[in-house]
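**Q** Residue-level listing of the chains:
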Amino acid sequence: MHATFSPEELAFRDEVRVFLRDNFDEQLAARIHNPKTFKTATIEWQKKRYDKGWVAPGWPVEHGGCGWTDTQKYIFDSALAEVGAPDVPPFGLKMVGPVIYTFGNDEQKQRFLPGILTGDTWWCQGYSEPGAGSDLAGLQTRAERDGDDYIINGTKIWTTYAQYADWIFALVRTDNSGKPQQGISFLLIDMRTPGITVSPIIAIDGEHHLNEVSFDNVRVPVANRIGEENQGWTYAKALLSHERTALSGIAYCKQVLSKVRRFAAEENDDGSRLLDDPVFQARMADIEMELMALEYTELRVLATVAQGGAPGMESSLLKLKGTELQQAAQSLQFDVAGLYGSVLPTEHEVGHAFGDRSRREYMYGRACTIYGGSNEVQKNIIAKFGLGL
Amino acid sequence: MDFSLSDEQQLLKDSVDKYMLERYSSEQRRGYMNAEAGFSTAVWSDFAELGWLTVPLPEALGGYGGSVVDTSLLMEAFGRAAVVEPYLGTVLLGAQLLSGGNNATLQARYLEEILSGQCQAAFAYLERRSRHQLTAIDSRAERQGEGFVLNGSKSLVLNGMAADVILVTAWLEDALALFAVPADSAGLSREAFQLMDGQAVANLRFDQLTLATDSLVCEPADSLALIQRVIDEATIAVAAQGLGAMETLLKATVEYSNTRKQFGQPIGKFQALQHRMVDMYTATQQCRSLLVRALCSHSAGEPQAAMDIAALKSMVGKLGRSVAEEAVQLHGGMGVTEELSVGDYLKRLMVIDSLFGDSAWQRRRFAELRYGDVA
Ligand SMILES: Cc1cc2nc3c(=O)[nH]c(=O)nc-3n(C[C@H](O)[C@H](O)[C@H](O)COP(=O)(O)OP(=O)(O)OC[C@H]3O[C@@H](n4cnc5c(N)ncnc54)[C@H](O)[C@@H]3O)c2cc1C
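In the order they appear, the protein sequences are chains A and B.
Just so you know, we're using my numbering here: the first sequence kicks off at 1 and counts up by one.
Just so you know, we're using my numbering here: the second sequence kicks off at 1001 and counts up by one.
Derived by calculation from the structure, the hints in this document are not laboratory data.
Hints may be right or wrong, so weigh each one.
Unchecked claim - List time: in silico SDA-like cross-link candidates among lysine to any residue, alpha-carbon distance up to 20 angstroms:
#1 B:Lys1269 x A:Asp286
#2 A:Lys384 x B:Ala1367
#3 A:Lys321 x A:Gly372
#4 B:Lys1261 x A:Gln140
#5 B:Lys1269 x A:Lys237
#6 A:Lys321 x B:Cys1296
#7 A:Lys321 x A:Leu302
#8 B:Lys1269 x A:Ala285
#9 B:Lys1269 x A:Pro221
#10 B:Lys1261 x A:Leu302
#11 B:Lys1269 x A:Ser134
#12 B:Lys1318 x A:Gly372
#13 A:Lys379 x B:Arg1276
#14 A:Lys237 x A:Ile381
#15 A:Lys379 x B:Met1277
#16 B:Lys1261 x A:Gly154
#17 A:Lys384 x B:Phe1263
#18 B:Lys1261 x A:Val377
#19 A:Lys321 x B:Glu1325
#20 B:Lys1318 x A:Asp286
#21 A:Lys237 x B:Phe1263
#22 B:Lys1318 x A:Glu324
#23 A:Lys379 x B:Gln1262
#24 A:Lys379 x B:Cys1296
#25 B:Lys1013 x B:Lys1261
Please read these numbers as outputs of a predicted model, since none were measured by experiment.
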């Protein structure tokens, strides 16, 4: 058992750092954080990673993956965190991509994987419905066969970034006769198809991330179905454990904490520093110690997966604890900003970019324990499948 | 021992509850908030007509002669409805400072108009890095002829934009003086901001601002005590407001859980969620008890009132936030949208936590008061 880096790994770390120094800067970060420039800047960032061959760490090499070891992935994520670089959007690379290369046919792989890697195709996830949130299998969006097409009717909700998306991967009901989990199919749908309407939902941070997507007699070729009809649940479940593992947000948490630490180390007028306050120290230390543990929990899970094991309820554990820690870090960050965290931006200078970011991250961060399967549902999974309760 | 309300208090409670029911739905509130001033002047006139603006002021100055129990009743109801009108800035801070001072000229000039709803006030005491420390300020006044010249700045002053008169702290020689600054003074500049809960605030700058002889609210030697007393009472009232918000959230969450169905049943049937709502209920009850406790000791002038107030504000700050976070969580995706008001209450409770010292700050104050002489 050891956790030291080999000389090759250290060399890899230097290479990553050089890449980031040359390709990522404050300006790009600011454009990614600005809702107006978010999409173009995000694609630009993805393309830089694509050009370097570093866009899909988790994919098999034959499909364009990096062929990295878990340690390399870890080094890469940590280096991103050091400079505050965000990951690329997960919908293509972490969600639908793996489903396509695992369960799709050759034609689908050739057609869709390249755009996912380059960032030229923006994907969104159409699972949840107004009546089917935690109980996802209760989804009602219907797909009826008509020759070589399905005709889709129904409504998806909470669809993140649907306003930017070229394609949506959706779970639809193709059969109503059996158990709810049966009779679901996995479809890839072009967002420009007639009959699709995207309506914005404004979130509590005041931004437009979420949407309702309605389907009114939308024609989708049967060729866009992944795998077998009525087997969509199986594919979606495989993807969910990937998604949840990705949601632990450890690198993001580290970024927040390092910002907090820098800010708390600044001197107040009276020469005191928040970082020297024992109560503040205790609170921050509690979060950091939990994060240190979770980092190794993740490495242990990755190691098991690398040896051929499947991430089962461990992915629930990572999602659960990781999102709790994100929220704890976001709360701390908000408190460090003091009253400035509550001030809304104006066209004038607020004088407190840190406060503004703290508020937005805290507010939107309330959602991370809800999406990707709420934390209550994760606990149910662990209780049932992990502890046998 | 009797914790019940007097007949007058019950009447006041009934009248404010009735008004909020009729005039303060969440759609109406959003309309008020989006008005130019950041609140509704029509609602403010109603408050004046209903006599609520006079509640804490002594009868001798045209007030109703109420106590902090009465203002807490009002503020709790304002909290339940997430009211955006500047009762705190104008009445609980502005009018209370003027009335507690000894400058009859200023009282005659402003109080009647404030009580009739014609005049808005604000209290400007925090600066860029004060972090709730009343004396950690740089604003300074110099005597000049018969009057004063004021220089400096203040941060995020509640109701600072709408205010016609602003009560400003500044050093005068070695004392912390309290000045009444007319909002139309030359040398005053204001920049408007909005807090996330909809309250309008302003940053102020005083640039060679000249003040008349009669602008001191009280003797400089007395101002710190006056300010502390007014802030103490406002802190209790703001905590009551937080409690009102917590109760609304608890009620809304229970209602939502009884109607939202997943897995073929109302989500309120899941024990995991039931226990969480019981925790929200317990937190709310604990805060109510601390409110009653602080009201009792403060009203009786007991020395332990300071400690009770610190405990109250610290717990409402902390538990208010956690109740609101739980309310969001239990509403699922709906909780993080602007469609429901849950997020509005979360934001209000976050702002309440940050006013007059956040939970950690008040806990430190409590510990100093409680254990200070042991060390
Ligand atoms: C910001 C955000 C982004 C999202 N992005 C997407 C997206 O891109 N695509 C997509 O398809 N979906 C997306 N979602 C939807 C997300 O997956 C759902 O919100 C989530 O599954 C919860 O469903 P719900 O909102 O209907 O809440 P509900 O299922 O109504 O849950 C309400 C509350 O009840 C609890 N609860 C429910 N069942 C149980 C139980 N059995 N035991 C205990 N507690 C229970 C929940 O934990 C929650 O606290 C997003 C959601 C958010 C908030």
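**Q** Give a verdict on every hint.
**A** A quick look at each hint next to the structure:
Pair hint Lys1269 of chain B plus Asp286 of chain A does not hold up; C-alpha atoms about 34 angstroms apart against a cutoff of 20 angstroms. The hinted pair formed by Lys384 of chain A and Ala1367 of chain B fails the criterion: a straight-line CA distance of about 44 angstroms is larger than 20 angstroms. Only pairs whose Cα atoms come within 20 angstroms are accepted, and Lys321 of chain A paired with Gly372 of chain A is accepted, the gap being roughly 13 angstroms. Of the supplied pair hints, the one linking Lys1261 of chain B and Gln140 of chain A holds, its CA atoms being roughly 15 angstroms apart against a limit of 20 angstroms.
About 26 angstroms separates the Cα atoms of Lys1269 of chain B and Lys237 of chain A, which puts this hinted pair outside 20 angstroms; it is violated. The suggested pairing of Lys321 of chain A with Cys1296 of chain B is violated, with an alpha-carbon distance near 42 angstroms, which exceeds 20 angstroms. Under the criterion of a C-alpha separation no larger than 20 angstroms, the hint pairing Lys321 of chain A with Leu302 of chain A is consistent with the structure, at around 16 angstroms. A hinted pair counts as satisfied when its Cα atoms are at most 20 angstroms apart, and Lys1269 of chain B with Ala285 of chain A does not qualify at roughly 37 angstroms.
In summary, the hint linking Lys1269 of chain B to Pro221 of chain A is not supported, as the alpha carbons are separated by about 42 angstroms, beyond the 20 angstroms threshold. For the hint pairing Lys1261 of chain B with Leu302 of chain A, the CA-to-CA distance comes to about 36 angstroms; that exceeds 20 angstroms, so the pair is violated. As the CA atoms of Lys1269 of chain B and Ser134 of chain A are separated by approximately 14 angstroms, the hinted pair is consistent with the 20 angstroms bound. The hinted pair formed by Lys1318 of chain B and Gly372 of chain A fails the criterion: a straight-line CA distance of about 28 angstroms is larger than 20 angstroms.
For the hint linking Lys379 of chain A to Arg1276 of chain B, the alpha-carbon distance of about 14 angstroms falls within 20 angstroms, and the restraint holds. Our distance criterion of 20 angstroms between C-alpha atoms is met by Lys237 of chain A and Ile381 of chain A, whose separation comes to about 13 angstroms. Proposed proximity of Lys379 of chain A and Met1277 of chain B is supported: the alpha carbons are some 17 angstroms apart, at most 20 angstroms. Between the alpha carbons of Lys1261 of chain B and Gly154 of chain A the distance comes to roughly 19 angstroms, so the proposed pair stays at or under 20 angstroms and holds.
The suggested pairing of Lys384 of chain A with Phe1263 of chain B holds, with an alpha-carbon distance near 16 angstroms, which does not exceed 20 angstroms. Distance restraint check for Lys1261 of chain B and Val377 of chain A: the Cα-Cα separation of roughly 15 angstroms lies within the 20 angstroms cut-off, and the hinted pair is therefore satisfied. Distance check on the hinted pair: Lys321 of chain A and Glu1325 of chain B sit about 17 angstroms apart at the alpha-carbon level, within 20 angstroms; holds. For the given pair, Lys1318 of chain B sits about 17 angstroms from Asp286 of chain A by alpha-carbon distance, which is consistent with the 20 angstroms threshold.
Taking the CA atoms of Lys237 of chain A and Phe1263 of chain B, the gap is about 18 angstroms. The hint holds against a cut of 20 angstroms. Restraint check: the Cα-Cα separation between Lys1318 of chain B and Glu324 of chain A comes to about 17 angstroms, which is no more than 20 angstroms; the hinted pair holds. Only pairs whose Cα atoms come within 20 angstroms are accepted, and Lys379 of chain A paired with Gln1262 of chain B is accepted, the gap being roughly 16 angstroms. At most 20 angstroms may separate the alpha-carbon atoms for a hinted pair to count; Lys379 of chain A and Cys1296 of chain B exceed this at roughly 43 angstroms.
A distance of roughly 36 angstroms separates the Cα atoms of Lys1013 of chain B and Lys1261 of chain B; the hinted pair therefore is violated under the 20 angstroms criterion.
Consistency note: the structure conflicts with the earlier hints numbered 1, 2, 5, 6, 8, 9, 10, 12, 24, 25.
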